[in-house]
Amino acid sequence: MSPNLRIAFRFLTAKKRAMFMSLSCTVLGVGLFIVTQATTSGFERFFTKTILGINGAVRIEDKIQDTMRSMAAAGASDSYFAQREGVKYIEGVEEALLIAEAVREFANVRGVSAVVRGNVQITSALKTEDAQIFGIKIEDHVRVSDLAEQITRGKLDDFRDSPSGALLGRVLADRLQLVVGDSFVLTSRGQSRRVHVAAIYETGYREVDKSNIYLQIGEARSLLRRPAGATFLQVSLFDPSRAPQDAAKMEQVLGHGAKPWQEREKTWLAVFRALRVSTMITVSVFTLIASLAMFNTLAMIVLEKTKDIAILRSMGYERRDITQIFLWQAGIVLAIGAMAGALLGAGVTWLVGQVPLPINGIFKTDRFIVTWDPNHYLAAIATAVVMVMVASLIPARRAARLEPGDIVRGTAQ
Amino acid sequence: MSLAPSSIAGELALRCTGLHRHLGQGEGRVHVLKGVSFEARRGQVYAIVGPSGCGKSTLLYLLGLLDQPDQGQIEINGKLMSNHDDVARTAARGEHIGFVFQFHFLMLEFTALENVMMPMRKLGRLPQAAMTARAHDLLEAVGLGTKTHRLGTQLSGGEQQRVAVARALANQPAILLADEPTGNLDAKNSGVVFDLLTRLAKEQGQAIVLVTHNAEIAQRCDFTRPMRDGLFI
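Those protein sequence lines, which keep their order, are chains U and V. With this note's numbering, letter number 192 in the first sequence gets 192, and the count goes up by one each step, no holes. With this note's numbering, letter number 173 in the second sequence gets 173, and the count goes up by one each step, no holes.
Careful, some of the hints might be misleading.
To be verified - Below, a sample of chain V positions facing chain U; criterion: calculated Cβ distance under 10 Å: (1) Ser57; (2) Arg93; (3) Leu123; (4) Asp179.
I should point out that these hints are in silico values taken from the structure, not numbers from a laboratory. Note that the Cβ used here is the ideal one computed from N, Cα and C, for glycine as well.
Could you build the full structure based on these sequences and the hints that come with them?
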């Protein structure tokens, strides 16, 4: 053990009560930081998982019309530059199979599913509701969604094997009082078709569960009178966090609009981010108090230990040794506080994870969602380290600036 | 007990020439030292005496490199130190100078043994076992061999000052500076501490410079240098 660390350990005992206060605040600051981050990011990640399980990571939609080329073809005019950046779209993906093949060539792509979407009216024996149908090829779609895991009643195989089978959201099925095996009528553009409930799914996202009906793609094409192409391609990625980069590349290469999930859900993601930052700021108050307490404690120790500082300086201890001795004290309290705070944070996070909390709306859960992320622990400790060490620097430097001659002369007189 | 050979006795350990020092600021600024010159050789004991405020302690702190002169030079072991930066002067203090103050200045959270080891730990020349052995020897030499593990608060004033003497000698410095080392002790303890200081320092070949008001102590030194108004008389 270095002499400075040894001295720091002993000096710590000089102000036990004040040091205990600093330690307690550090423990609380680190612990609560971890808990709040674990809960807020827990819900955010669960929401993200739900969204990716429904809509995939990237959606390739309308074809981009090259306005510049059409303008150039039309001949130069005064308004050429004003319209240069204008982008027009041709609705849908006409060459769905070719585009899907091209998308599969991207390294990060896990699966692609062509979807035909349209508005319909759904009529059961009791009621009529507006809904949206999604024509899918189930083998492709289970690779880009969590549909297989979202089935709550019935079997996905029944949907796969039956051309007139439909997958209904749980909320819609309840509203129409439909159960597996019941039949109902879908109406679109003056055409009607009778299908039956092959299975019922639940994503937890209420808007989806009350309006989305999945059909075999052939049935959907027939009902919507769309013999070819797709409304969009749903793409899943091995690493969804890279969706914006992949989407930008796809857009450039394929000439179709490509939206990453981060852009589609930016409103909710912004809400979660704001929540996370606001709780981080609130909880950091504890760490701020810890740093102020540490400042106060060290300032008191400096006042009390001026003679010791003088004797250390007379024995050959340099100014930087004195600074180190005081920073070590803060470091020791920080180390103990960070460890105890991390344990407290982990314990409380576990306890919070057991709290029953039914939520249904943008996702479905029956208890508090928490995440176990080492980054939360690192961030909590880093915040405490920065705040406490910065606060400790002032008294430590003040101690180092003391002139031993002045101290001894003052005492001797 | 002999902790080191005294074959270096007589060598010049310390020399200062033309030291000036002002203290205070503005109208309160006082010219405390007015061109003091002094030298000390190893194995000799020097007493600086004089009335309060004549500049004795100020001179001692300058010689100990705890303070810097406004003018003049200080050489330690033949090396000019007064114009060096704080780091070099601090290193020189640790290596060549030992201090004993009037108010012992023990670090009270540490035991007697740890206090004595403190300067050795900083200098870092000896391994742990050798440092412990030397600290034990020094405490034995000052008569505290049975109290090595007592905290500063568990020792009497005289015992604390003896620990301070042992600590000052820990790194075998060339120079031992003592500011009223017996000023806070009764007559019996004063004699004990002075005897220890001079005996051990002479055994190890240190130059001892002490500031004292005690005439009896001053008479027992090899040289007495009276001061008045910032100058040696």
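Each hint tested on the structure:
1. With a least beta-carbon distance of about 6 Å to chain U, the hint placing V:Ser57 at the interface is held under the 10 Å criterion.
2. Contact between V:Arg93 and chain U, as hinted, is supported at the beta carbon level, the nearest pair being about 5 Å apart and thus within 10 Å.
3. Below 10 Å, beta-carbon pairs count as interface contacts, and V:Leu123 has one with chain U at about 6 Å; its hint therefore holds.
4. Checking V:Asp179 against chain U by beta carbon gives a least distance of about 6 Å; that is within 10 Å, so the hint holds.
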